[in-house]
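*Asks:* One-letter residues, chain by chain:
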Amino acid sequence: MAVLLLAEVNNGELALDATAKAVTAAKALGDVTVLCAGAHAAAAGEAAAKIDGVKKVLVAEGESLGHRLAESTADLIVSLAGDYDHIVAPATTDAKNVMPRVAALLDVMVISDVSGVVDADTFERPIYAGNAIQTVKSRDPKKVVTIRTSTFDAAGEQAAAPVETVAAPEASGLSEWVEDKVAESDRPELTSAKIVVSGGRGVGSEENFALIEKLADKLGAAVGASRAAVDSGYAPNDWQVGQTGKVVAPDLYVAVGISGAIQHLAGMKDSKIIVAINKDEEAPIFQVADFGLVADLFQAVPELTEKLG
Amino acid sequence: MKVLVPVKRVIDYNVKVRVKADGSGVDLANVKMSMNPFDEIAVEEAIRLKEAGKADEIVVVSIGVKQAQETLRTALAMGADRAILVVAADDVHQDIEPLAVAKILAKVVEEEQPGLVLAGKQAIDNDMNATGQMLSALLGWSQATFASKIDIEGDHALVTREVDGGLQTIKVKMPAVVTVDLRLNEPRYASLPNIMKAKKKPLDEKTAADYGVDLTPRLEVVKTDEPPARAAGIIVGSVDELVEKLKEAGAV
Ligand SMILES: Cc1cc2nc3c(=O)[nH]c(=O)nc-3n(C[C@H](O)[C@H](O)[C@H](O)COP(=O)(O)OP(=O)(O)OC[C@H]3O[C@@H](n4cnc5c(N)ncnc54)[C@H](O)[C@@H]3O)c2cc1C
Ligand SMILES: Cc1cc2nc3c(=O)[nH]c(=O)nc-3n(C[C@H](O)[C@H](O)[C@H](O)COP(=O)(O)OP(=O)(O)OC[C@H]3O[C@@H](n4cnc5c(N)ncnc54)[C@H](O)[C@@H]3O)c2cc1C
Numbered sequence: 001m002a003v004l005l006l007a008e009v010n011n012g013e014l015a016l017d018a019t020a021k022a023v024t025a026a027k028a029l030g031d032v033t034v035l036c037a038g039a040h041a042a043a044a045g046e047a048a049a050k051i052d053g054v055k056k057v058l059v060a061e062g063e064s065l066g067h068r069l070a071e072s073t074a075d076l077i078v079s080l081a082g083d084y085d086h087i088v089a090p091a092t093t094d095a096k097n098v099m100p101r102v103a104a105l106l107d108v109m110v111i112s113d114v115s116g117v118v119d120a121d122t123f124e125r126p127i128y129a130g131n132a133i134q135t136v137k138s139r140d141p142k143k144v145v146t147i148r149t150s151t152f153d154a155a156g157e158q159a160a161a162p163v164e165t166v167a168a169p170e171a172s173g174l175s176e177w178v179e180d181k182v183a184e185s186d187r188p189e190l191t192s193a194k195i196v197v198s199g200g201r202g203v204g205s206e207e208n209f210a211l212i213e214k215l216a217d218k219l220g221a222a223v224g225a226s227r228a229a230v231d232s233g234y235a236p237n238d239w240q241v242g243q244t245g246k247v248v249a250p251d252l253y254v255a256v257g258i259s260g261a262i263q264h265l266a267g268m269k270d271s272k273i274i275v276a277i278n279k280d281e282e283a284p285i286f287q288v289a290d291f292g293l294v295a296d297l298f299q300a301v302p303e304l305t306e307k308l309g
Numbered sequence: 001m002k003v004l005v006p007v008k009r010v011i012d013y014n015v016k017v018r019v020k021a022d023g024s025g026v027d028l029a030n031v032k033m034s035m036n037p038f039d040e041i042a043v044e045e046a047i048r049l050k051e052a053g054k055a056d057e058i059v060v061v062s063i064g065v066k067q068a069q070e071t072l073r074t075a076l077a078m079g080a081d082r083a084i085l086v087v088a089a090d091d092v093h094q095d096i097e098p099l100a101v102a103k104i105l106a107k108v109v110e111e112e113q114p115g116l117v118l119a120g121k122q123a124i125d126n127d128m129n130a131t132g133q134m135l136s137a138l139l140g141w142s143q144a145t146f147a148s149k150i151d152i153e154g155d156h157a158l159v160t161r162e163v164d165g166g167l168q169t170i171k172v173k174m175p176a177v178v179t180v181d182l183r184l185n186e187p188r189y190a191s192l193p194n195i196m197k198a199k200k201k202p203l204d205e206k207t208a209a210d211y212g213v214d215l216t217p218r219l220e221v222v223k224t225d226e227p228p229a230r231a232a233g234i235i236v237g238s239v240d241e242l243v244e245k246l247k248e249a250g251a252v
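Protein chains in written order, with UniProt numbering: chain A, 1 to 309; chain B, 1 to 252.
Just so you know, the hints here were simulated from the structure itself, not pulled from any lab data. Every residue, glycine too, gets a C-beta built ideally from N, C-alpha and C. Among the hints, erroneous ones may be present.
To be verified - Partial pick of chain B residues on the chain A-facing surface, computed with a CB cut under 7 Å:
no.: 1; residue: Ala137
no.: 2; residue: Leu139
no.: 3; residue: Thr145
To be verified - If you only want the chain A side, here are some residues facing chain B, beta carbon under 7 Å, derived:
no.: 4; residue: Thr92
no.: 5; residue: Ser112
no.: 6; residue: Val136
no.: 7; residue: Arg139
no.: 8; residue: Asp238
no.: 9; residue: Gly292
no.: 10; residue: Glu303
Claimed, not checked - Computed cross-link-like contacts, EDC-like style, restricted to lysine to aspartate or glutamate with a CA-CA straight-line distance of at most 20 Å:
no.: 11; chain 1: A; residue 1: Lys194; chain 2: A; residue 2: Asp251
no.: 12; chain 1: B; residue 1: Lys245; chain 2: A; residue 2: Glu124
no.: 13; chain 1: A; residue 1: Lys272; chain 2: B; residue 2: Glu244
no.: 14; chain 1: B; residue 1: Lys149; chain 2: A; residue 2: Glu124
no.: 15; chain 1: B; residue 1: Lys16; chain 2: A; residue 2: Glu282
no.: 16; chain 1: B; residue 1: Lys173; chain 2: A; residue 2: Glu303
no.: 17; chain 1: A; residue 1: Lys137; chain 2: B; residue 2: Glu226
no.: 18; chain 1: B; residue 1: Lys223; chain 2: B; residue 2: Asp27
no.: 19; chain 1: A; residue 1: Lys137; chain 2: B; residue 2: Asp22
no.: 20; chain 1: A; residue 1: Lys214; chain 2: B; residue 2: Asp240
no.: 21; chain 1: B; residue 1: Lys20; chain 2: A; residue 2: Asp251
no.: 22; chain 1: B; residue 1: Lys54; chain 2: B; residue 2: Glu112
no.: 23; chain 1: B; residue 1: Lys247; chain 2: A; residue 2: Asp251
no.: 24; chain 1: A; residue 1: Lys279; chain 2: B; residue 2: Asp240
Just chain B, same shape as in the assembly (with noise of 0.2 Å):
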């Protein structure tokens, strides 16, 4: 079986966001980016599913700016084996909505017809949570979001999912597509030599015009702002002040 692995190239996520002044936007020019932290967690579930012997093929595929061929080939070192690049964009500050997404990777779902598509839940910079199932809705497939424990069983996948009440196990009929949350493994280092070694891996370039898709967003953003700042606080020096301050403001 084949499995598909969409990446997306993000914010890193200990970077502190900074909101530029005139509203137009997060400032990206010259800050860290990474691979979004719960893909990093689904290219380690396909390498898993490949070394249990229930994958043969791990093709990782990202929509965005040139850029993003650095993700690619960090999901490379990790252990994937062949890349798609889909350029999208020539400005990192110019993001490709999930529903652009999700019809990009339809077509390579069409061209490529992986067994499993595992994607992420969210993507850490617009906590968007919606392009896995936006392409499990465009290919009419089963869909499994949230998965923290994944057991493909012939032509269907036992998968848990981490839901509001606790947790929740579906059974879904293969092809699936899959979204991961944090619980599902950790994600491995790529070594040295694999980071070498993920230089010669295939790595694919397309444009979005190769696939026949419109990115004409459908969500204009009319601006960015600060969160509003939370007044200073004060530190109290024992149990009984912070009660004292708590019954004062009402709290208990």
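Extracted from the complex, chain A is given alone in its bound form (with noise of 0.2 Å):
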């Protein structure tokens, strides 16, 4: 069996912790390819090259793939969609746009999300944010799946496997970019960092936020948020956690001033250790944590900082 794997690119960079996660759940079904588009994507390609388990790497280069626009990307997929059997990415913002219109192109299925692969037609994945795990086995001939990241270890390295350019296809006219608003930071990328420290409503303002970033700033941590934290301006909207944010699996995830809606839970409650900071012992987030403290955040929060380390 063959598999397209769509990297993750950014600006030219290869995303590797996502890609060499989706590549472990790929490397099940198949022989990868990876495909690296963009418009540039040439250093992705070598970075793409060196995944362990990687066969084979295409790199498609043109300005109608810059930015990722849905159109023209879908469109080199189902261009090269012939000679896989599976087609598959890591399950981000990207590929959310971009998959189900490649199966809808193919007409097939797509299938999100995939936490678990059974066998090359059967795949395990959470519905109900989270709160039940369906098995789905598809009948279609090929398959297109997105894979939930944090479900997988990431693949390690090998020399490189051979790289192969292939053409862009024409600007589809109907979509450009505008602009891009990335937040930057120096801090670990959300869905890939070790430990991560969360704040919710009860931080009470974008000001008391800085509280949350000390603490794991001193952790090395990357920093999340409640959509409530997000939706009341505290934080920005690339670091909400849940069902309709990213998902994490971190070692360590620290929950301050968060209550624990189902929808929050979604995306954190597959980490390792789960600590929950909050004054309301009947919090929901107690039910999940490993280590809960009942505490007023805006003690208990310094206080940690200072005593770690």
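From these two lone chains plus the hints, build me the complex, please.
*Replies:* Next comes the structure, spelled out in structure tokens:
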């Protein structure tokens, strides 16, 4: 069986962690060819060739592929699809944008957010905000799948696999990129960080979020947030953890001033160790916490920051 | 411009989901069902476009069981003008896959000729996040997913999208399919007089067969399980004890 895997490429750079985790899932399906597409993608292709288990890399460069516009990226994948049984990508927002479009163009269903590969046709995926795990068997001739990266380990390194170039499609003329607002940060990336410290509505303001950030920096952690904290403007949207935000599974997740709604738990309950700090002992977050501290966060968080390390 | 909004009837987001003991699925008998929260946001956005003079008619459509009528009435009470119910299942436990939904929606689009389709980014039951993108592909239209801001300017729309790295703004040619994210707006509640008025608004009933779409699922549900439970934790008495426990566990 042959697998085409769409690598996550941002501004010409390979998102190694997400791509290498998807490779782990894809290896179980067959021989993996990685596709790196973008306005610039050659460097990403070189990096992808060194992910353990990759047999070949295809690089497609062209203006039409810049900024991952769904229409032309989907056209590219469809033009290559004939040679493959599976088309796979890490379940990033880019892939969630593109892959259902690819599936519809191929007249097959997409299988989103796969958390387990049973066999070449059968996959596990969480439904109802992770409150149930469904096993589905595809009857389609080709499988289009996105991989929930938090449940797979990243593949290691190998000697570089061969890299080939393929032509970029014409621009679709349907959509064009205008601007990106990307928050620059020296902190680890949320979905690959070993430790995540998240703040919720209990933190109370954007200024107070500095408490969360200080604790995170002390731990070398990424910063996350609940939807309530993002909606209230305490934190940017790309920090949201949950059913509709990012799914994380770090070694340590610290939830501060977060009540533990199912939609939030959906994004973090596979973390190895969960710490909850909340002044309400009835808060549902304590039901999933390994270590719970019933305390006022404004006292507990600075004290914790000081006493760690 | 006419705006088409597909709305899905799903388990209410506050309901604790129960997996059936025989692994055949999630128990939906006698549980509260509501409009998918993302679809409320889509309906609200359509109403705001109408209030701003950018849309003149809002048509809502739902595909599923007959009871999806209630969901459509809710949308009509919020301010949609007209509804189409496509009956495609006779049991609530029978869900229609996004590909089949998108194929039916494509036929509805052919008939209705909207200038814009506003859908939810995902349905909170199956979390597939697919229908809008699939519809856009079938129509050969432009697509903008996960919208937190939509500005319609003549023959194109400027859409700000919530993406992993932050926010991205793209310009899409109309007609377009746009899927909406949580921060686009806060949906209004329907007032009692509007709920009464909604009862008189037109609701057309069709069947999937009217559109000639094959609903045979491509994915066979083999089983549905409870997720693995977490082992019970402990409540620590102080920050010192927390630090000690974390060190013992090798977490810091
Ligand atoms: C369709 C849909 C999708 C959603 N997706 C997501 C998602 O992806 N992610 C997400 O997070 N949510 C999501 N939500 C929202 C979710 O339902 C909750 O509303 C949200 O998670 C609540 O955030 P919170 O815990 O910060 O706020 P709250 O529930 O208000 O909790 C605040 C907590 O802070 C505690 N607190 C207050 N002051 C202090 C103090 N001084 N010290 C200590 N503790 C304090 C309180 O006791 C309380 O437990 C979604 C909702 C819907 C309907
Ligand atoms: C109890 C249960 C039983 C199931 N049984 C089967 C089975 O027997 N066979 C099988 O193959 N699959 C089955 N499934 C899986 C299911 O068919 C798909 O996985 C599911 O349809 C995923 O799509 P979604 O609704 O999450 O769509 P999404 O793509 O996440 O929905 C996005 C948006 O599309 C629009 N939309 C979606 N659906 C509709 C609709 N019906 N009407 C109007 N607008 C809509 C809305 O605007 C919505 O916000 C079952 C699922 C459950 C929970």
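*Asks:* Confirm or reject each hint.
*Replies:* Evaluation of the provided hints:
At a threshold of 7 Å, the smallest CB-CB gap from Ala137/B to chain A is about 4 Å, leaving the interface hint in force. For Leu139/B, the interface hint is violated, the least distance from its beta-carbon to any beta-carbon of chain A being 10 Å, above 7 Å. Using the Cβ-Cβ criterion of 7 Å, the hint placing Thr145/B at the interface with chain A is satisfied: the shortest such distance is roughly 5 Å. Contact between Thr92/A and chain B, as hinted, is supported at the beta carbon level, the nearest pair being about 5 Å apart and thus within 7 Å.
At its closest, the beta carbon of Ser112/A sits 5 Å from a beta carbon of chain B; the interface hint therefore holds under the 7 Å criterion. The closest approach between the C-beta of Val136/A and any C-beta of chain B is roughly 4 Å, which is under the 7 Å cut-off, so the hint is satisfied. Interface hint status for Arg139/A: upheld, as the beta-carbon distance to the closest one in chain B is roughly 5 Å, under 7 Å. Residue-level restraint check for Asp238/A holds (minimum Cβ-Cβ distance to chain B is 5 Å; threshold 7 Å).
Against a cut-off of 7 Å between C-beta atoms, the interface hint on Gly292/A holds, since the closest Cβ of chain B lies about 5 Å away. Hint status for Glu303/A: holds, given a least beta-carbon distance of 5 Å to chain B, under 7 Å. Annotation: proposed proximity of Lys194/A to Asp251/A holds, straight-line Cα distance about 5 Å (limit 20 Å). The straight-line distance between the Cα atoms of Lys245/B and Glu124/A is roughly 34 Å, outside the 20 Å bound, and the hint therefore fails.
At most 20 Å may separate the alpha-carbon atoms for a hinted pair to count; Lys272/A and Glu244/B meet this at roughly 17 Å. For a cut-off of 20 Å, the pair hint linking Lys149/B to Glu124/A is broken: about 34 Å separates their Cα positions. Proposed proximity of Lys16/B and Glu282/A is supported: the alpha carbons are some 17 Å apart, at most 20 Å. Distance restraint check for Lys173/B and Glu303/A: the Cα-Cα separation of roughly 54 Å exceeds the 20 Å cut-off, and the hinted pair is therefore not satisfied.
Of the supplied pair hints, the one linking Lys137/A and Glu226/B holds, its CA atoms being roughly 18 Å apart against a limit of 20 Å. A threshold of 20 Å between alpha carbons decides the hint, and for Lys223/B with Asp27/B the separation of about 13 Å falls inside it, so the pair holds. As the CA atoms of Lys137/A and Asp22/B are separated by approximately 18 Å, the hinted pair is consistent with the 20 Å bound. With a CA separation close to 18 Å, the supplied pair Lys214/A and Asp240/B stays within the 20 Å bound.
The straight-line distance between the Cα atoms of Lys20/B and Asp251/A is roughly 31 Å, outside the 20 Å bound, and the hint therefore fails. Taking the CA atoms of Lys54/B and Glu112/B, the gap is about 17 Å. The hint holds against a cut of 20 Å. A C-alpha spacing of about 13 Å is found between Lys247/B and Asp251/A, which places the hinted pair at or below 20 Å, so the restraint holds. Among the hinted pairs, Lys279/A with Asp240/B is consistent with the structure: their alpha-carbon atoms are about 17 Å apart, no more than 20 Å.
Of the numbered hints listed earlier, those contradicted by the structure are 2, 12, 14, 16, 21.
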